[in-house]
Each structure stands twice: as structure tokens, then as C-alpha cells.
Amino acid sequence: MEVFYFSIALFLLLNVLLGLVRVLQGPTPADRMLAAQLFGTTGVAMLLLLAQGMGIPALRDVALVFALLGGLTVVAFVRRSWIVPDENGER
Amino acid sequence: MTVSAWVFDMVLAAGLPVLAWSVLHTRDLFKAVALFIAYGLLIAIIWVRLHAPDVALAEAAIGAGLTGALLLDTLGRIGSRDTIESDASQSAAGERDQDKNA
Amino acid sequence: MSQFQIYGLASVLIFSIGLYGFIVHPHLVRKILAMNIMSSGIFLLLVSAARRDMHAIPDPVPHAMVLTGIVVSVSMTAFALALTRRVVAATGVAALLWMDAPVEAAPIAARNDEHSRDLDRVADPVAADRDDIHLSV
Amino acid sequence: MWPILLPLIGTIFTFLFKRGGAATISLVTVSAITLAVAGLTRQVLQHGEQYYAVGGWEAPLGIALHADGLSVLMLIMTTIVGASTSVYAMGYVFQGPRAGSAVGGYFFWPLWMFLWTALNVIFLSADIFNLYVGLEILSLSAVALVTLEGKPAAIVAGMRYLLASFLGSLAFLLGVALLYTASGTLELNSLGTRMLSNPSSGLALALIMLGLALKTALFPLHFWLPPAHASAAAPVSALLSGLVVKATFYMVLRLWFDVFPAIATPAVAQILGALGAVGILWGSILALRQQQLKLLIAFSTVAQIGYLFLLFPLSNGMTEIGLDAWSGGVYFALTHACAKAAAFMATGTLVYALGSDRLDDLPGTFRRYPLSVAAFTVAGVNLMGLPPSGGFIAKWLLLTSALNSGQWWFAVVILAGSLLGAGYVFMVLSRMLLDQPQSIADSKQARPVTLTTELSALALAVFVFVLGVTATPLIALLRIGAPF
Amino acid sequence: MTIWDWLSTALLLIGAFFFFAGTLGLLRFPDVYNRLHALTKADNVGLGLTVLGLAIQSGSWVIALKLLLIWLLVLVTSATAAHLIANAALYDHVQRWRRS
Amino acid sequence: MKLGRTRLFASDRTVRSFVRQGLWRAIALALLWWILLEGDRKGWWYGLPVIAAATATSLWLAPEAGQFWHPVGLVRFISFFLWQSLRGGIDVALRAIDPRLPLHPQLIEYRLRVPVGPAQIVLMNTISLLPGTLSVALHPMLLQVHVLDGRMDVQRSLQQVEAVVAELFEIAIEQ
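Residue numbers (this note's numbering), protein chains in the order written: chain A, 1 to 91; chain B, 1 to 102; chain C, 1 to 137; chain D, 1 to 484; chain E, 1 to 100; chain F, 1 to 175.
A few of these clues could be false.
[Stated by the list, open to error] Computed footprint of chain F on chain E, listed as stretches where at least three residues anywhere in the stretch have a Cβ under 8 Å from a Cβ of chain F: (1) 5-14; (2) 51-63.
[What the hints assert, rightly or not] Pair ranges (Cβ atoms, derived): (3) GLY59/E to GLY43/F: 41 to 47 Å; (4) GLU170/F to ILE3/E: 22 to 28 Å; (5) MET54/C to MET1/D: 35 to 41 Å; (6) ARG52/C to GLY59/E: 29 to 35 Å; (7) TRP6/B to HIS139/F: 50 to 56 Å; (8) MET1/D to SER17/F: 20 to 26 Å; (9) ALA14/B to ALA58/A: 48 to 54 Å; (10) VAL21/A to ILE27/F: 44 to 50 Å; (11) VAL62/E to VAL7/B: 30 to 36 Å; (12) LEU415/D to ALA56/C: 45 to 51 Å; (13) MET1/E to ILE27/F: 37 to 43 Å.
Just so you know, the hints here were simulated from the structure itself, not pulled from any lab data.
All residues carry an ideal CB built from backbone N, CA and C; glycine is no exception.
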């Protein structure tokens, strides 16, 4: 079964690397952020597969952090980077 | 180590330098930061493969997450154009044009 | 190839890529990214060395070192980014361009930024006296 | 343990009370640290080298501390320079980014206490990774202190300093990683015994030396130092030139003699010595060409750092001659710390008073600010290496070991450096003592200064002469646990 | 292999297919708004199926619950993130693609 | 602080509801802790103080009693959501692998019937995961929705979703 888990994880990894093409192509900053989000979701799946494949339960906690992280990055991006608040703090 | 795990490692290890290179050599800084976040997550998966889940946890949370957020915040303030390079090339082009006119 | 060899090789590559990027790019944010990449290369070397013996339990010391290192490098990055903003506010450029050119203290960018406002407010003769540094090195 | 813990506690409290009482808290901390260092000194004098595992955790995961004569001497140096700088800073007017509200002054105290923590961590560490952590804290707080001044020049200089020291830290860390991979230990002593001469250790030596040389501003890696030291606030410049550079030099010394003797060949030592020699000449010549007072002193620091590195070729062979060179180098660091800090403090007072740090604006200062001029003069005597200053003893030890070991060219460099040093010191002094009509010092434009600043600088400068007298017991202390 | 193993294998395979479809959509769809559809929906289903397949194999209720919790977390964050990105894109006047 | 206390403990009834809130939250957090530690028994030693602290923090930050979801509504919502999001995934996956790329995107406006508040937020997020719809901007009573295929009857399915969400929050909406 481990071989199978690793194969699926490998497939997902290739998927992510493919998705990075979108970061390179853009064209808008939003498109680039999408890929980061893709990395979040797919990373969670990969980590869960590895947790079972490698027999390390702690990896599920890492997956949990990944899950939180995708959202956090997008929020940071939208609020702070893309649309910069002007003097009044309004968008 | 099974073959699929070995291939997984190879793909990770090959993808990382490529990603590092593109972080440092893409034109747009914003693109570089987005790639850098992806880079951090890839590193976190490598820590997992090297049986260091504690390091992976720290890397994902503060290495990729916090650093990424800080970088995005900074770019929001100072703009994401790599101004120095583009300004230099623009002024060089301008000079060339002037030469032509003269 | 064992994991140690695979990732050890990758770590050397990454460190070199980071060093090269650090040297060729003048933009400060890019330099900071390069630093992070370089340090991740070192961390990778340490953690993969801890995995040299694939069947033993990994050595915990490098893990502790890398954990500390990650915290250190994040705080360094945060500080460097904050300083970058102040450099931009003070000189209008996100790079250390004026090695020997005196800066006409005219903050071009980020007029509304609090730092540049503070610069305008400096009324003290010593502070206002721009000691432009000429380095003849 | 206490020398590290006390400044850390001081950091926290000065940060909490930065708007009131920070200076008082610092003074209390300084006294407490003085007591702790005195206690440790007594222990080392009576019982020799001390080892201590924090919280009872043994290496490798715990934090191991170690104190011998060298580290105790460094602690004493830090305490003396630190105490007088603290007194000086109480009377100094900080030019923060928000001029008038002295924000720079508020943050000076916690940052300075943090810097002190880092210094003591470095001096007491018995393991190489702790050294790395100390190094990072050191650069972080040092850069933050430089940028306190808030002027564009200070910010840009701070940024350059940050990048340089970050690069140095990375080289150092990579070296540490290589060492650990090769030997499986982080402890300095066991690293030294397990050191084998192979390419990996050689690379580690090169990387660590490169990183530390960058941080110590050894020629030609000194480019970041003059702008950073010259554009910082006066007490900060004193700390940077006096202590921070010495801490990284201490690390070079420690690692060279404790960890690397197996692979540190005479050839490498000669390279370090040659760079030091070029640094002496180059730094002195550039100091002579400066028109700005603080920049001149900063370039003088570059020159004086060169002397420190002469120790490596001169002490090679580890004989009695080598021991002289070793003690001479360390004593040079000690006296230079006091003299250079005093010089920066004295000139800082004058720069504040005149509102300018141009040499041409100095005339007449001797009449209005005699104490500061005296402090600079006394410190200058040490920089030249004239008796009876401590600098003379240090240079004498270096000079005799150069002649005794047959490396006369280093003796020539030492003498030439002294002459050039005399040149730039007199260049400043002659302007200060010039009696010129309509000088800034005599006009109403010149500001009054506090007695605290003038006296603390003078006291530290005079202390250099005390170091000249007390050389014998101090060098005896230094030899406790010496690598020879 | 038991029937559960077969089921788990099938779920993981289908889940991987959904991830692939999501990436394909990310690359092929013409504008940000459409790509957001592809990414959020397909990847969430993919993750859901993966979680289900792994939960079957985990052999413990608590672990199954934890996997479910992680999935829920991803659902909430990705829905919020998708909305935020779409909202910012609209505000920033990112052109919508129309079939001509 | 004083003001808050007087308001919180104005009457016996509020005290009782406050305590009940705290109990419910503590139970929920304990469950969460149990799941996170994967049933590890040793974790309770430091788990209990953590749970107590977390409960106190949550009561301090949000002292108002949260609304309980209607149980039948919750079951309906979950089953509806799971089924529809599976459909949504299949729909978009098929469009992504279809070589002709069958997209007919449109930006439509949908007049909301549920009131401003948590119900609208839940609705907004749910819509983003359902077949062919993505909420783009939320105005007080109007939702802008991006639709993958404008030829589908989106208005009707949106009304369906809204009905399910309304039932979850026990809100009566006119049909």
C-alpha cells in the first residue's frame, strides 16, 4: 500500500509543479496567488498521504498548518499587497 | 526505500533548485514572492521526507507563512516592480534614442 | 543514490543559486529572498546529513539547530524588510545605490509614508545637516 | 550564567519602561553585571577554567558555558566600556527619527542591553552553535542601533551593515554545518580533538574565517564599517567600534586555537596576517584623507583591526614567542576597545556641540570643551601606541614577537602603522588646539554639553593608562586556560 | 485485499483525478474568475475523496475525525480565499473573459 | 472592565446562560483537543489547562451567546452541501478536460432574502463551492455571483441554496 500512497503523492507533486506555470504566466497578481492556494490544498493531500505512507502521525499536524496557511497567505495578499489601503485606511 | 519514494525524492530535489532560480530571476517581484511561498511549502515537504516533522511544522508556519505575509506586505508598500533594473534599461534605451536623433 | 546524496546535492545547488542571486541583484527585496534561499540550502544540508543512516532514528541535534535557524532567519528577514521600507522612504530607491553619490535627501516615493513625514519634520541642525558619506574606497 | 541572564533581564525591563526609568534600570543592571563578572573573575582566578551546563542539560542538546582567562578578560572589557558608555548615553541627546521626542533614546536602552546579552553569550559559549546564535543577536541589535539615528545616511549604512553581516553569518553557519556533518559534535573542545585535515574541514575553516572576517571588517571586507560607525549616534559608535568588532574577533581567536589547530596551517595564518598588515596601512592612509571627524575615527578602527590579525602569523608554532604575540593581540583588543570608545564618545560630544563633524569646524574647541579634547588626546596617545598607555604594552608584545620569530616585515608594518596613527591623531589635535578667530566653538551657535558625557569619556580614556600599569596581573589572568 | 482496500484505492485514484482536473482548469481557463471555479471546486472534491480513502485505511475513528476536520478547514479557507480573490479582482477591474 | 461586568451580570438569567455558554464551548474545545491529539491520553495533562484558557478567552472575546443551529436543518444542509459540492467538482472537472472548453461565463446579481449577518456569510461561502457559481461581491442585500455557464437556471438553484441556509438558521423567507 505504501508504494501506492507514494505514487499518488508523486502524481500530486507533479500536479503542483505543473500549476506553477500559472505563477509564471500570470497575467494578474491574482492568478499567481491562485497557484499558492493550489499548493495549499494539494500540499494538504500530499502530507496526509505521506503521513500514512511513512507512518508518521505528526505529519497530519503539518497538514493542518498547511490548511490554515493557504487562507492566511491569500488574506495577507488581498489586504496588504494587492489593494494597498490609502491614508484613510479604506480600500 | 521503494522506487516510488525514490522518484518522489528526485522530483522534489530537482524541482527545488529550479524554483529557487526562478524566484531570483523573474522580472516581477510579486511573481518572485509568490514563487517563494511555493518554494517554502516545497521545502516543508522535503523536511517531511527527511523525517523531520517538527522542522516541517516550523517551516510551513513561519518559514513560508509568516515570511510570505511579511514579503507581501512590504511589496504592497514599496511596489512590486524591480525598479532599478527597469529604470536602468529604460534610461539606457532613452539614451540610445537620443543618439539616433542626434 | 541515498536521500542524503540527493538532498545534499540539491542543498549545494540551492546555496550557490542563492549566493549568485544575492550578488547580481541590486534590489533589496531580491537580496532578502536570496538570503532566505541560501539559509534554506544550509538547513537542507544539516537535515539531510542527519538522515545519512537511513535505518537509524534521525539525529535530533541538527533538527534543533535548523529550528533555531528558521526562527533566526525569519526575525532577520522581518527586520531587513522593515529596514528596506525605511531605505525606500529615505532615498526613494529600494537598493543601496549611493556608494559615493551624495543623496539629495528628496524622498521620491511614498510621500505619504510616515517615515518620510518624519524626515521632513526634522528641524534639528545636526540631524538636518546631511552628512553625506563619501567613500573613496 | 548570570553575566548572560542579567543583561537579558535588563533588556526586558528597559523595553517595558522605555519611556521612563530605562536609564536607571540600565544602571542597576550595569552594577549587577559588574558584580557577576567580578565573582566569575574570582572563581577563575582561584579555580581555573569553569564549565557550566545550563539547567543541568548536557551537550549536545543543552547549552554549555565555559569561562577561561580570555573570556573573563573580554567580559571585563565589555563591562568597563559598557558601563562608561551607559553613563555617557544618559547625558547624550539622541537625534531620533522623531526629533524632539527622543524616540531614538527610548530604544537605545533595550537594544543596548540586548547587545550586551549577545556579547556575553559569545564570550561564554562552549559550543559553536551557541556562538552562531549569539552572532545573530549581535548583528541584529547592532544594526538596529545604527539605524536609531534615523537619518538617511544612517539607514542606508545600517542596511549595508545588515546585508554584510547576514552574509557573514550564513558563511559561518555553513561552516558549522560542515563541521557538524564531519565530526558529529558542536562542542568546541571535542570539535578540536576530532578535527581531521580533510577537504570538508578545510572548507569549513575557510567559510568560518571568511564569515567572521567580514563581520570583523578585516581588509578588504571592511567596506561596510566606516559608513555604519560614522553615521550612528555617538554612544552607538563607541559600542560598535569598541565591543562588537571585538566579539567577532574573539570568535576568530577562539575557533582558531581551540578548534582548528590541526588544519590551521602557517600559510593560512600568513594570509590573515598579510590582510591585517594591508588593513593597517590602508585604513590609516584613508583616515588621513578624511575631512569628517567620525569617518576618520571609523577608518582608524579599520586600521586597528589589522593589528589584531597580526597575532595569527606571529603566534604560529605556539612557543613562548607565540604566547607573547597571543597576549599582545588580546591586550591590543582590550586597550583599543577602551581607547576607541573614548575617542568616539569625546568626538560625539564635540559633534553635538558644534553641530558639525567637519575637521575644519574644530578650531577653538579646546577652550570651551577642554575635558572632551583631553579625553580625545589621551585616547589618541593610546592609538599611537605611546607609553605609558596599554596600547604601548600591546604593541610592544607584538613587536618583540615579530622580531623574535624572525618576521621583521610585520615589525615594519607595526611601526609604520604607529607613525600613520600619530599622523591622523595629530591632524585632529592640531585643529582642536588651533586658536582661530570666529570659530564655531566660540560662537553662540555652539551648544552647551553635559558634564556626564565629557567626564565619562575622559574617565574611560584615562583608564587606558591604568591598563598600561596593570598589564602584568591582567596578562597573568589571560593565561589561565590559554591554548599554549 | 479486502473490499475496503479496493474502495480506498478507488477513492484515492478518483481524488487524484480531481486534483489533475483542477490544475488543468487552472492552466486552461481563460480568466481569474473561471480559474477560481476550477481550483476551489475540483481541489476540494479531490481532497474530500483523498481524505475519505485515507480515513478508511486509518483504522481509527479519531484519525478519521481529524482527517475530516482538516478537510473542513480547507473547505472554509478555500471558499473564503476564493471570494476574497474574486472580490479584489472585481475591484481592481480585472477584465472578465466573454465567449465571443 | 466595570462596564462589561455590570452588563454581563445584569440578572440571574444572564449569569446562567453565560455559564451554559462556557460549558458548551469547553465541551466543544475538549472534543477538538481529543481529535487533534488523535486520542492520545497523555495529552490531557496539559490539555485541560489549555482548554480552560481557550474557553476563558473565547468568552472574553465573544461574550454573546452564539445561535444554535437547527438540528434537522443542519443534517439537511450537510447532505445538500456534500452532494452539491460533489456535483460542482464533477461539473468543473468535466469542463476542464473537455477539449472544447465549454464556458459561458456571466456575472449575475442575486437579490438576497436572508438578513445581513452570519446567514449571509455562510450562504456566500457555500455558493462558492456549488456547481458553477462563485460569489464575488456581497452588498447589503445583493450578491454578485460569477457563473460558469450562463445558460443554466442559476437563479433557481441559488434560491434552493438560500432556502437550505435559511432553514439552518431558522429564518423564514418568502418563497
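Against the structure, the hints:
no., hint, verdict
1, 5-14, "violated (count 0)"
2, 51-63, "holds (count 3)"
3, GLY59/E to GLY43/F: 41 to 47 Å, "violated (20 Å)"
4, GLU170/F to ILE3/E: 22 to 28 Å, "violated (41 Å)"
5, MET54/C to MET1/D: 35 to 41 Å, "holds (40 Å)"
6, ARG52/C to GLY59/E: 29 to 35 Å, "holds (33 Å)"
7, TRP6/B to HIS139/F: 50 to 56 Å, "holds (54 Å)"
8, MET1/D to SER17/F: 20 to 26 Å, "violated (52 Å)"
9, ALA14/B to ALA58/A: 48 to 54 Å, "violated (26 Å)"
10, VAL21/A to ILE27/F: 44 to 50 Å, "holds (47 Å)"
11, VAL62/E to VAL7/B: 30 to 36 Å, "holds (32 Å)"
12, LEU415/D to ALA56/C: 45 to 51 Å, "violated (59 Å)"
13, MET1/E to ILE27/F: 37 to 43 Å, "holds (40 Å)"
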